[in-house]
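In the order they appear, the protein sequences are chains L and Y. Quick note on numbering: full-length UniProt numbering labels position 56 of the first sequence as 56, and the sequence is numbered without any gaps. Quick note on numbering: full-length UniProt numbering labels position 493 of the second sequence as 493, and the sequence is numbered without any gaps.
Just so you know, the hints here were simulated from the structure itself, not pulled from any lab data. Check before you lean on any hint, since a few could be wrong.
[Claimed, not checked] From the derived model, a few chain L residues whose C-beta atoms are all more than 12 Å from chain Y:
#: 1; residue: Arg17
#: 2; residue: Leu41
#: 3; residue: Ala73
#: 4; residue: Tyr85
#: 5; residue: Glu121
#: 6; residue: Asn130
#: 7; residue: Lys267
[What the hints assert, rightly or not] Computed footprint of chain Y on chain L; a stretch qualifies when at least three of its residues, placed anywhere within it, have a C-beta under 8 Å from a C-beta of chain Y:
#: 8; stretch: 86 to 92
#: 9; stretch: 154 to 166
#: 10; stretch: 241 to 251
#: 11; stretch: 280 to 293
Backbone N, C-alpha and C fix where the C-beta goes; we use that ideal spot for every residue, glycine too.
2 protein chains.
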Amino acid sequence: MKKLSMVDKGFLLAESREMPMHVGGVSLFTLPDGVDEQAFLHDLAHTIRDTDTLLPPFGDRLRLGRAGLMGNAQWEPDPALDMEYHVRHSALPKPGRYRELFTLVSRLHGTLLERSRPLWEMHLIEGLQNRQFAVYTKTHHAAVDGARSVHISRSMLSPDPNYELEDSPLSLESWRRYKDALQIGQPGLPTEEELRNVADRLKSTFDSSTNLLRALRGFTQAWTGRGGDLVLPHLRVPGSVLNSRVDGARRFVAQSWPFARIHALGKAFGGTFNDAVLGMCAGALRTYLSNHAELPDKGLKAMVPVSLRQKGDVDSGNAVAAISADLSTHIADPAERMRAVMASVQAGKAFYQGMSPKEVELVSMLMQSPSALLMPLGLIPRLPPYNVAISNVPGIRETMYWNGARMDGSYPLSIVTDGMAMNITLVTYGENVDFGIIACRRSLPQVQRIIDYMEDALCELEMAAGFEAGNTSPAGKPKATKRVKAASKKAKTGAKT
Amino acid sequence: MKKLSMVDKGFLLAESREMPMHVGGVSLFTLPDGVDEQAFLHDLAHTIRDTDTLLPPFGDRLRLGRAGLMGNAQWEPDPALDMEYHVRHSALPKPGRYRELFTLVSRLHGTLLERSRPLWEMHLIEGLQNRQFAVYTKTHHAAVDGARSVHISRSMLSPDPNYELEDSPLSLESWRRYKDALQIGQPGLPTEEELRNVADRLKSTFDSSTNLLRALRGFTQAWTGRGGDLVLPHLRVPGSVLNSRVDGARRFVAQSWPFARIHALGKAFGGTFNDAVLGMCAGALRTYLSNHAELPDKGLKAMVPVSLRQKGDVDSGNAVAAISADLSTHIADPAERMRAVMASVQAGKAFYQGMSPKEVELVSMLMQSPSALLMPLGLIPRLPPYNVAISNVPGIRETMYWNGARMDGSYPLSIVTDGMAMNITLVTYGENVDFGIIACRRSLPQVQRIIDYMEDALCELEMAAGFEAGNTSPAGKPKATKRVKAASKKAKTGAKT
């Protein structure tokens, strides 16, 4: 029986009806030609359910001692595992647009997983238009972390449209096949020297008097389940509308944009794909907050991952660092706002100069952790605060298939907590970037409009860069011009508030 | 702002992820001829959502002070009432049988209501076969008790197939119209003399040393929200499989039988409709427990409502008393079992002899209350224990319509708690009796089969009474004979265990 790490337990302890601590994803597929939807989905459900060798933790439930989560907690096989409970059929009411899908997924993401069973659910959703179907999965963060969850999703897919599932995609057989092909190693702990470097850096930058080295050692051990201890504090709740208390109801929206279009925009400003994503989000958040008369005087801060690789630098590999970027949402002019965002990203990167990839990883993990898990480090009041998380999950560039069904998009659903009422996560897939936005339905009313505001912001920036708006899109959306007009009107309105 | 009574607070305090304290119902309707399902359901949802004068408590949310539920708790208007959140569209996956409906309703009934919003949801469910649709409602027991909930459901319906909804069925206007037609009075408290009589009776019967009079006074006042106090104990958890700990997942099944068929069976045994219902349930529970090798040596006890009215007696009106009936599930012979059930019902009725209707009502309420709410009376270990509740909700004998859609059946979903893993509730409607059975999915696996076992038990009893099985049914089910054969085989098997 596997012991839970203190970080795993932290996610369970921090959970409430208002703050479920599961992560999810919704993927869109197109049925193979000629197959019947009902038969295909029933066969798929049957294949998924039909295994005696489930990959951990899919067959395991929590086993707590007398002290509950404060004591010894382990994963144990569920003696009455009920695969019908975990793998479910659902359907959309007519007319079966994405709107109906988002409504259903918002509801499903807003309910707690059942603690006496393995902490996951998978929903096969029928009733979409154009021969599409959707799959929504939800897994507790205590059971599967983000990286493993990405690997598990991928292990189900194949680049071969004719590949038929042999075993349940949740079986050990399927996982071993994937792992052999990929050769994933065990993640290593940072060395003592790396811990020391990070402690020194954090101490001098954030002026902390804590014994950071000892705290970091405990933290990394706890994270990987090798002992250590974490204590949970009350969560801090800052003042802006994005940082209010949340209730348990969620609103989810998703949208894809062509990678090339966003990348070209970044390049036109002398920046990166990532800079352009931040520009889009900054513009959209400005419009949303202006429309609700909630735009702060100062720019919103976003916790974002940035690549540290520079031209000719091979040592730092693909190190991705978490930085707090200033979205400069108080600036009305799109180009000026974009340049301010880029400058703040540059400043954020400077902090990491001279760190090893392992050190970068550790610091980034600290900065992105729910504040509840960071308390033992004594850094909470000193780490850079932020209003919203914009996370980038590395994706697949090939078109993938699941039992012959083409995957058309894959949209992440992350966690919303008190003080963080919105989460934007994006994943690159094929030629697109798929955005998934989850928010508290009460604190952020009509947040589904953010998707339209992102398109508006993108068009605005393209105009500012001298592009014909939307023209870099391979799809060449015809409505782009109309949208830009609407966007310019809004920008003027926004400037007045 | 209305204050919550201590009993209302009790339901909130006793609630957990594993034991949601909401009650629900699912009703089946047939679309009016010629209308389009999608348009009809969208119009219906629009009408329900469209009101500025919502009937309390549908627009009210909980407001707690610093002491939480242990302190002052009130209902206050939700400042950001979101009717789209409460009134929802859902759909069934194909082929849209009752099986798919029960699966969806089981899931919906197994999730907690959101405490920061008014404590109810209504789901309009499309995708059923034969031009039917379903409506599932769920309401917290703290917000609406059983009787009010029945009235609210009825206030939406009309015996006139051509009656079109004028206002939202959840509006004050609609409620006033219904109340005027019905003339519902405020329920009165029992008099001091009635309290004294009940206290004396309970004291002598259950040998209690508590000051019952004072406790009862407090209890009835708390129940009606006029003060008083209740303390919640840990719940007792007896040993049988029906009385184990529950988790949060539910299984729901429902079925209708012709009232005349069950009534005729009761009469053939010299008993009542209610006796025949108990006979059906006793046989079904025996089969279910035998099949799972869990049949106890002694008969299961059921808490059931019985009518006390005797021929020529008009004073006691429609007094319905709760008694603990011995289901005699250890007896293999159907007729012998039926006679034992009837004898225990007679013995149970004797307890109420000479009580006024108000006294009967008070004692019955006590006996049916969740044990958590009874602790202050000091009677818990003394009140008759029971394994399962079989509740009878008084229904409507006329065929009813909702905005022109004919109601085909209406099935209750009650509460399942630790120690009470199954609840059987029935309601008479039109020419039928509609049974709704809700159970813990883990403690009672495959409990959906109980519906088949009830039909089997009914056929067995009909054979024992010398009927041609199923022949009293107006529908004249053709499969009845086949079922009886299966049932007899099972009865033999059952006798061996």
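Original post:
Is the Cβ of Asn130/L farther than 12 Å from every Cβ of chain Y?
Top reply: holds, 17 Å
Subject >> Coverage criterion applied to the stretch 154 to 166 of chain L (partner chain Y; beta-carbon cut 8 Å; 3 residues) >> reply: violated (count 0)
Original post:
In terms of beta carbon proximity below 8 Å, does the stretch 280 to 293 of chain L have 3 or more residues touching chain Y?
Top reply: violated (count 0)
**OP:** Test coverage of the stretch 86 to 92 of chain L by chain Y using CB-CB distances below 8 Å; three residues minimum.
**Re:** holds (count 5)
**OP:** Please settle this one: Lys267/L was flagged as non-interface, so is its CB more than 12 Å from every CB on chain Y?
**Re:** For Lys267/L, whose nearest Cβ neighbour in chain Y is about 41 Å away, the distance exceeds 12 Å, so it holds.
Subject >> Beyond 12 Å from every chain Y Cβ - status for Ala73/L >> reply: At roughly 17 Å from the nearest Cβ of chain Y, Ala73/L sits farther out than 12 Å, so the non-interface label holds.
**OP:** Would you check whether the claim that Tyr85/L is not at the interface survives, using Cβ distances to chain Y and the 12 Å cut-off?
**Re:** Tyr85/L is in fact no farther than 12 Å from some Cβ atom of chain Y, at 6 Å.
Original post:
Leu41/L clear of chain Y by more than 12 Å, beta carbon to beta carbon?
Top reply: violated, 8 Å
Subject >> Given as non-interface: Arg17/L, which should sit over 12 Å from chain Y by C-beta >> reply: Label violated. Min Cβ-Cβ 6 Å, cutoff 12 Å.
**OP:** Compute the least Cβ-Cβ separation between Glu121/L and chain Y, then decide whether it is above 12 Å.
**Re:** Contrary to the label, Glu121/L does not stay out of reach of chain Y, its closest Cβ about 10 Å off (not over 12 Å).
Original post:
Per the coverage rule (Cβ-Cβ under 8 Å, at least three residues), is the stretch 241 to 251 of chain L covered by chain Y?
Top reply: n = 3 at 8 Å, threshold three: holds.
Violated hints for the displayed structure, listed by number in ascending order: 1, 2, 4, 5, 9 and 11.
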